[in-house]
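Protein chains in written order, with the numbering used here: chain A, 2 to 429; chain B, 2 to 429.
Among the hints, a few may not be true.
Treat identical chains as interchangeable: a pair holds within one or across any two.
[Claimed, not checked] Dumping the calculated DSBU-like pairs for lysine-lysine here, alpha-carbon to alpha-carbon at most 35 angstroms:
| id | residue 1 | residue 2 |
| --- | --- | --- |
| 1 | K65 | K296 |
| 2 | K49 | K65 |
| 3 | K267 | K296 |
| 4 | K424 | K102 |
| 5 | K161 | K267 |
| 6 | K102 | K267 |
| 7 | K102 | K427 |
| 8 | K267 | K236 |
| 9 | K267 | K49 |
Bear in mind the hints are in silico, worked out from the structure with no lab data behind them.
Protein chains: 2
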Amino acid sequence: MLREAVTRVQTAQRELAGLTSEQKNRVLQQISLQLQDSRDRIAEAQQKDISQAEREGLSPPLLKRLVLNDEKIDTLCRGTEDLQRLADPVGRVISARELDKGLELYQITCPIGVIGMVFESRPDALVQIASLCLKSGNAVVLKGGREALQTNRVLTDCIKEASRTCGITDQWLCLLETRDEVTGMLELDDLIDLIIPRGSNSFVQYIMDHTRIPVLGHADGICHVYVDEDADIIKAISVTLDAKTQYPAVCNACETLLVHRNIVEKIFEPLAESLREAGVEIRGDETTRQHIACKPAEAEDWSTEYLDLILSVKVVDSMDEAISHIHTYGSGHTECIVTENREQAEAFLHRVDSAGVFWNCSTRFADGYRYGLGAEVGISTQKIHARGPVGLEGMVTYKWKLYGTGQVSADYSGAGAKPFTHKDLKQS
Amino acid sequence: MLREAVTRVQTAQRELAGLTSEQKNRVLQQISLQLQDSRDRIAEAQQKDISQAEREGLSPPLLKRLVLNDEKIDTLCRGTEDLQRLADPVGRVISARELDKGLELYQITCPIGVIGMVFESRPDALVQIASLCLKSGNAVVLKGGREALQTNRVLTDCIKEASRTCGITDQWLCLLETRDEVTGMLELDDLIDLIIPRGSNSFVQYIMDHTRIPVLGHADGICHVYVDEDADIIKAISVTLDAKTQYPAVCNACETLLVHRNIVEKIFEPLAESLREAGVEIRGDETTRQHIACKPAEAEDWSTEYLDLILSVKVVDSMDEAISHIHTYGSGHTECIVTENREQAEAFLHRVDSAGVFWNCSTRFADGYRYGLGAEVGISTQKIHARGPVGLEGMVTYKWKLYGTGQVSADYSGAGAKPFTHKDLKQS
Numbered sequence: 002m003l004r005e006a007v008t009r010v011q012t013a014q015r016e017l018a019g020l021t022s023e024q025k026n027r028v029l030q031q032i033s034l035q036l037q038d039s040r041d042r043i044a045e046a047q048q049k050d051i052s053q054a055e056r057e058g059l060s061p062p063l064l065k066r067l068v069l070n071d072e073k074i075d076t077l078c079r080g081t082e083d084l085q086r087l088a089d090p091v092g093r094v095i096s097a098r099e100l101d102k103g104l105e106l107y108q109i110t111c112p113i114g115v116i117g118m119v120f121e122s123r124p125d126a127l128v129q130i131a132s133l134c135l136k137s138g139n140a141v142v143l144k145g146g147r148e149a150l151q152t153n154r155v156l157t158d159c160i161k162e163a164s165r166t167c168g169i170t171d172q173w174l175c176l177l178e179t180r181d182e183v184t185g186m187l188e189l190d191d192l193i194d195l196i197i198p199r200g201s202n203s204f205v206q207y208i209m210d211h212t213r214i215p216v217l218g219h220a221d222g223i224c225h226v227y228v229d230e231d232a233d234i235i236k237a238i239s240v241t242l243d244a245k246t247q248y249p250a251v252c253n254a255c256e257t258l259l260v261h262r263n264i265v266e267k268i269f270e271p272l273a274e275s276l277r278e279a280g281v282e283i284r285g286d287e288t289t290r291q292h293i294a295c296k297p298a299e300a301e302d303w304s305t306e307y308l309d310l311i312l313s314v315k316v317v318d319s320m321d322e323a324i325s326h327i328h329t330y331g332s333g334h335t336e337c338i339v340t341e342n343r344e345q346a347e348a349f350l351h352r353v354d355s356a357g358v359f360w361n362c363s364t365r366f367a368d369g370y371r372y373g374l375g376a377e378v379g380i381s382t383q384k385i386h387a388r389g390p391v392g393l394e395g396m397v398t399y400k401w402k403l404y405g406t407g408q409v410s411a412d413y414s415g416a417g418a419k420p421f422t423h424k425d426l427k428q429s
Numbered sequence: 002m003l004r005e006a007v008t009r010v011q012t013a014q015r016e017l018a019g020l021t022s023e024q025k026n027r028v029l030q031q032i033s034l035q036l037q038d039s040r041d042r043i044a045e046a047q048q049k050d051i052s053q054a055e056r057e058g059l060s061p062p063l064l065k066r067l068v069l070n071d072e073k074i075d076t077l078c079r080g081t082e083d084l085q086r087l088a089d090p091v092g093r094v095i096s097a098r099e100l101d102k103g104l105e106l107y108q109i110t111c112p113i114g115v116i117g118m119v120f121e122s123r124p125d126a127l128v129q130i131a132s133l134c135l136k137s138g139n140a141v142v143l144k145g146g147r148e149a150l151q152t153n154r155v156l157t158d159c160i161k162e163a164s165r166t167c168g169i170t171d172q173w174l175c176l177l178e179t180r181d182e183v184t185g186m187l188e189l190d191d192l193i194d195l196i197i198p199r200g201s202n203s204f205v206q207y208i209m210d211h212t213r214i215p216v217l218g219h220a221d222g223i224c225h226v227y228v229d230e231d232a233d234i235i236k237a238i239s240v241t242l243d244a245k246t247q248y249p250a251v252c253n254a255c256e257t258l259l260v261h262r263n264i265v266e267k268i269f270e271p272l273a274e275s276l277r278e279a280g281v282e283i284r285g286d287e288t289t290r291q292h293i294a295c296k297p298a299e300a301e302d303w304s305t306e307y308l309d310l311i312l313s314v315k316v317v318d319s320m321d322e323a324i325s326h327i328h329t330y331g332s333g334h335t336e337c338i339v340t341e342n343r344e345q346a347e348a349f350l351h352r353v354d355s356a357g358v359f360w361n362c363s364t365r366f367a368d369g370y371r372y373g374l375g376a377e378v379g380i381s382t383q384k385i386h387a388r389g390p391v392g393l394e395g396m397v398t399y400k401w402k403l404y405g406t407g408q409v410s411a412d413y414s415g416a417g418a419k420p421f422t423h424k425d426l427k428q429s
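Work out the full structure: start from the sequences and follow the hints.
Put into structure tokens, the structure is as follows:
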């Protein structure tokens, strides 16, 4: 039954792939209108979800994430309006080349196909994800948090209704409601082209471990700040503080601080004071503990994503040691060097193998909105397809269109073969 | 032990990533010299491999693939020289953006890391693959065919020797020799970033089924030619013949011909005659058999990659039916429409979801060299990362370099947030 449902989604995607930018934007506009018209229905569903969650004793932070009030609906509507203004990622000419006279090759972006999206709790994510998929011509199979089921149903209805109003299929999105369906979805590698999970590390890791479908995302986000011997003390402290404390619960927050031995004397005291003032618990290696009073960092601290006001601190003898530490314990997310030495900075940025490599600024800038990508699907620590913050461009692939006039390969092979011209064509 | 070996490869890759284009080209040049100097050693190893293979009764086509004679060594040397002339895929600026004054973001290509390459028989593939990896800054763990073991050892030695001569690490390539090592390699998803298998369908499928590492490649290549009702008969026949017979054993050869009902009367007789003259066995659906004498096509024919002079033929009522057949039975490799109707052609190219969509030319053009990509790693039918023929550009990923002057995210958040400028920078 799931297979049949997802097959319908795949068929609908092929209709979606044929829509013009104007048609897709019109549906986005209609989704916004539909949400505004459905405030009462959403409120009703919210009440059911929230009282159920309270009965089940959901923790206050999770309860808070569950809320979709008028203000959040307004934000969602603004989001779909912003999305309309972004360039259509589909149909972009990546390359254009004449192979021979009358034989022209175009590499053109197109939707990936069917996206499987599994996310936890926050129901507004459903609308954001579905909108991004629509804009990029992808169909989507969604599974949201169990706690938000009633709300997710209403939101799905709104989007389907908006699609019908605009005269397009409403089968391009499909809401799954059970865990078994998610397990089933992970097996449909002939129907689903990409899985994007959003949620806790263990949740994402579980998805990655249980499917042959490509997965876009990240499990851990263990980001490092390395304070070089040539660092400006003020910058080092403010970058470290911001990277650790501005929003500790997110993947681009800093978890480990690496400090060059030659700057320890100057920086440790004011740094430790600032961190303590901000309520940060320090866990230091042996050398660190010789300079400041703090808990010891155990072996597992270096590979722990605290997502909390805790910072592990290690003193290193050289940038080489810092880079080696990052490659050993990091997750390839985002790392920063603080230094006034441009050559040293360039070497760090070149050598560190992470999605984001920063010089003299907070790791917290690793974010699709801040990068100016418009909307963000998530942050990938993988090296294949898309890396770092992934915007609409990560939701398309490309195809090769070859326009001929009867050419056959035999004429370009063997003795007396016609040569190819391989001339770049002007891209319109 | 395998883990230790591949860890050394990963370490060596980090050295490789720091090489300049000139350094990499110098090693390529040295590989070419080293091969020429090693003709005797290669011939000796060849003799051992070939007599062993003959004793084991290897089939003549496989024996032929095993041969690495002087002529093939010359071709290999020319290949590494051509590769030197190609642009370095590493260090290319994909995008450059000012986020704010003094905060600049660059999206820059970089190597993927460690590539796992598993290929069958042909020992020249070892040199081609290693050269492509070197040029793109990737290290490589290789497993070639068992039959070519002695030759592969000598070739590996040559490349390592050339690396040492140029003063770089020789640990960036590692030859595996047993099946168990391949099984072990497929589990090293923390060390190996991408697997590229080259070989039979079942072999590639096996690899895809047994690893969590991303795989780039294709299993089946079931390509279609669709002859539209508005087709030019001469073009239709020559494209079909070329696509089927120019080299039937390869993935971009045509396996199924779809013919619009309205053109059957005109095309079937001359087409069938040409195919028969070329020694092609036709397997037709019921309608086809009403027009020409041929074997019946069974259900499994539509999803069979013959790799031989066999062509399944089906009559369709419309382009819709043709596209639907392609989506049902195709492998997403390459499909061609033959028609004089441009609108119809554009619709086909837009709607068919395959890596290559061609108009009035043979499917055999789906090839990295013919596309002008320079060298080709393989052809991918996946939609993630790279699709269709994959050249050097498919062997790199990118990182985001952010150059700041002490910026922290708190200044761009909440009430009184500084706005981002998000201004595109001129790319040098």
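Taking the hints in turn, this is what the structure says about them:
no., hint, result
1, K65 - K296, "within (33 angstroms within a copy, 67 angstroms between copies)"
2, K49 - K65, "within (15 angstroms within a copy, 71 angstroms between copies)"
3, K267 - K296, "within (21 angstroms within a copy, 86 angstroms between copies)"
4, K424 - K102, "within (10 angstroms within a copy, 39 angstroms between copies)"
5, K161 - K267, "neither (61 angstroms within a copy, 46 angstroms between copies)"
6, K102 - K267, "between (69 angstroms within a copy, 29 angstroms between copies)"
7, K102 - K427, "both (15 angstroms within a copy, 34 angstroms between copies)"
8, K267 - K236, "within (13 angstroms within a copy, 79 angstroms between copies)"
9, K267 - K49, "neither (57 angstroms within a copy, 67 angstroms between copies)"
Checked against the numbered hints above, the structure violates hints 5, 9; every other hint is satisfied.
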